[in-house]
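Quick note: the sequence shown, position 139, residue 139 per UniProt numbering, numbers continuous.
Hints are computed from structural coordinates only; laboratory data are not their basis.
Note that CB positions come from ideal geometry on N, CA and C, so glycine has one too.
It cannot be assumed that every hint is accurate.
Label-pair ranges, simulated between beta-carbon atoms [stated by the list, open to error]:
| no. | residue 1 | residue 2 | range |
| --- | --- | --- | --- |
| 1 | Gly67 | Glu24 | 14 to 24 Å |
| 2 | Lys76 | Arg127 | 42 to 52 Å |
| 3 | Asp188 | Lys76 | 27 to 37 Å |
| 4 | Ala27 | Ala194 | 10 to 20 Å |
| 5 | Ser43 | Leu95 | 37 to 47 Å |
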Amino acid sequence: MPIERRPLREQIKDELLERLGRGEFAANEPINENRMAADLGVSRTPLREALIALEREGVIRSERGKGFRFAPMSRKEFLDLSTIVREMESLALRLSDPAFLVSIAPRLLAEARAFPDPRAAYAVLERHDDAWHEMLTSGCPNERLLDMIGSLKLTMHRYERVVVGDQDVLERSAAEHERIAECLLDGDVEGAVAALKANWASGSERILERFDRDRRPAGSAPS
């Protein structure tokens, strides 16, 4: 992994989150620290520091005498994560310069309309959606807030990739994105925040529906 001018433990943490978001680690998978350190090309000390940081965020769990393992997935955790990210992005929007938001609104609207397929593979939608939301919050001056949003989204992607799968076809949220951009064009930040929260709520519901369906015992009826 490339070395940057940041603490090595932070680079390792980000790398692990990236791999987690790509679905490289299974839920509840035990972590072999020696093997992982060798794979990353680092010593165990900064790796352990990164694992402890991820444990504080709920991504990893540890048991006395058994070491670290990736946390199991639950419906409640995904709902908690989506609620937190929704509120953080809303805050990022409110902290942004209103004039800047008006200036990027035409591009946001154009990007929302540029994706032609009403349905597409999840991996394609993920890339498009992440880029669109990054543009939406790009005027936020609080870099720490944006870093936290990025980290939490990577954890959410673990759920989405496991529950949905890269090639599964989903409906995209173009109309919801258009509504956010239209509010910003009108200088209505609070309207955009409301539309953003609605976008997050509907997206979470689509994932949770699949989560519940996939974990329902065979032959049982929906509750």
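Structure-based check of each hint:
The hinted range of 14 to 24 Å is satisfied by Gly67 and Glu24, whose Cβ atoms lie roughly 18 Å apart. Between Lys76 and Arg127, the C-beta spacing of about 27 Å breaks the proposed range 42 to 52 Å. Asp188 and Lys76 have their C-beta atoms about 33 Å apart, which keeps the hinted 27 to 37 Å range intact. Range check, Ala27 to Ala194: Cβ separation about 34 Å, and the 10 to 20 Å hint is violated.
Restraint check, Ser43 to Leu95: a C-beta distance of roughly 39 Å satisfies the suggested window 37 to 47 Å.
Consistency with the previously given hints fails for numbers 2, 4, ordered from lowest to highest.
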